[in-house]
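Peer 1: Sequence:
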Amino acid sequence: MKTITITGLSKPVTTLIQGSDYFRPSVYEKVCNVLDRYVAIGGNTIDTAHIYCGGESELAIGQWMKDRNNREDVVILTKGAHHDQNGPRVNPEAISKDLVESLERLGTDYIDLYALHRDDQSVPVSIIIDALNEHITAGRIRAIGGSNWTVQRLQEANEYAAANGLVGFTFSSPNLSLAKANEPFWAGCVSADAADCEWHKKYQLPILSWSSQARGFFTGRFTPEDHSNEDLVRVFYSDDNWERLHRAEQLAKEKDVSTIQIALAYVLNQPFPTCALIGAQNEVELISCYEGSKIVLTQAELRWLEHVEISVR
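Here the sequence shown stands for residues 1 to 313, numbered as in full-length UniProt numbering.
These are calculated hints, taken from the structure and not from any lab test. Glycine residues also receive a C-beta, built at the ideal position from the N, C-alpha and C atoms. Be aware that a few hints might be false.
[Said to hold, decoys possible] Per label pair, the in silico range of CB-to-CB distance: (1) ALA162 <-> ARG303: 29 to 37 Å; (2) TYR22 <-> GLU104: 16 to 24 Å; (3) GLN299 <-> ASP256: 17 to 25 Å; (4) PRO92 <-> THR223: 44 to 52 Å; (5) GLU254 <-> THR137: 48 to 56 Å.
[Stated by the list, open to error] 35 Å max Cα-Cα, derived DSBU-like pairs, lysine-lysine: (6) LYS30 <-> LYS294; (7) LYS180 <-> LYS11; (8) LYS294 <-> LYS255; (9) LYS97 <-> LYS66; (10) LYS11 <-> LYS30; (11) LYS180 <-> LYS253; (12) LYS66 <-> LYS11; (13) LYS201 <-> LYS180; (14) LYS253 <-> LYS2; (15) LYS30 <-> LYS180.
Modelling step: build the complete structure from the supplied sequences, incorporating the hints.
Peer 2: Laid out in structure tokens, this is it:
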């Protein structure tokens, strides 16, 4: 499987990252089946978060790593400082609390990739970067990133870090997909737009994209008349996105692959390092993602898929 390099890690990161928002000890056999098969096709990076399944996702992954004795072979991406019922929690105390609990659940003494699950723009980046660097110095974190951070805040944080001899963010995890979001999935979520992608191209900062396949928009199960999935309608239904779907279908036929594989390839062929967080739950879905990750798209094909105002490829 293809890999990218993220500053701060000695291990490569595979371009397909297995998601775990359905992992629980109560379905441990399924967890093992998915992770064992994911590793068998060459994957090495698992995405989780302090809040996933009320913490049970991290517990299940920790048990799997213990049973397989493979902690040093695995890259763990986990996230903390998500808001709660009282509001934002992006502060040193919440970061420390969530990180310590994640380490305990995962049964490890370090996190490879640690991301702040949300941002709170009322908190100065200096406070956040200082707090994260304390954990890096202590060996609890190898690399830091922002999940659902704007590129403006990422740049501000990294400029502060550079000016003060500290470690800055070396990856970002917004939504990036061929279907462009009309509005955020949930409050505080960020979807990378064209300007964001230009910024990532300029700085070559990796994107680890969640909902990289647009939550099933490219499966062929949905039509403009089908409004059964309210979230999909709200976020992805638009004339532009239906045209993008049509173009992905056309290109898929030309390349003898599936439409959703074209959508995945779009994410993985950007002019900056990218990975796709995938939600595969069985071998068929894993193999589909693996085959899709091998598709090469030219920059002209990327532009044709994305820019619906272009009428001729």
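Peer 1: Each of the hints needs a verdict: does it hold here or not?
Peer 2: Structure-based check of each hint:
A C-beta distance of roughly 33 Å is found between ALA162 and ARG303, which places it inside the suggested range of 29 to 37 Å. For TYR22 and GLU104, the hinted distance range of 16 to 24 Å is satisfied, since their beta carbons lie about 21 Å from each other. Between GLN299 and ASP256, the C-beta spacing of about 21 Å keeps the proposed range 17 to 25 Å intact. A hinted range of 44 to 52 Å holds for the C-beta pair PRO92 and THR223, which are about 48 Å apart.
Judged by the Cβ atoms, the range 48 to 56 Å given for GLU254 and THR137 holds: they are separated by roughly 52 Å. This hinted pair checks out: LYS30 and LYS294 have alpha carbons roughly 26 Å apart, not beyond 35 Å. This hinted pair checks out: LYS180 and LYS11 have alpha carbons roughly 32 Å apart, not beyond 35 Å. Distance restraint check for LYS294 and LYS255: the Cα-Cα separation of roughly 12 Å lies within the 35 Å cut-off, and the hinted pair is therefore satisfied.
Restraint check: the Cα-Cα separation between LYS97 and LYS66 comes to about 23 Å, which is no more than 35 Å; the hinted pair holds. For the proposed pair LYS11 and LYS30, the alpha carbon gap of about 26 Å is at most 35 Å, so the pair holds. Between the alpha carbons of LYS180 and LYS253 the distance comes to roughly 22 Å, so the proposed pair stays at or under 35 Å and holds. Of the supplied pair hints, the one linking LYS66 and LYS11 holds, its CA atoms being roughly 19 Å apart against a limit of 35 Å.
Proximity of LYS201 to LYS180 is assessed by CA-CA distance (about 18 Å); at most 35 Å being required, the pair is judged to hold. Of the pairs offered as hints, the one joining LYS253 and LYS2 holds, with about 24 Å between alpha carbons and a cut-off of 35 Å not exceeded. With a C-alpha separation of about 32 Å, the suggested pair LYS30 and LYS180 falls inside the 35 Å cut-off, and the hint holds.
In summary, the structure agrees with every hint in the numbered list given earlier.
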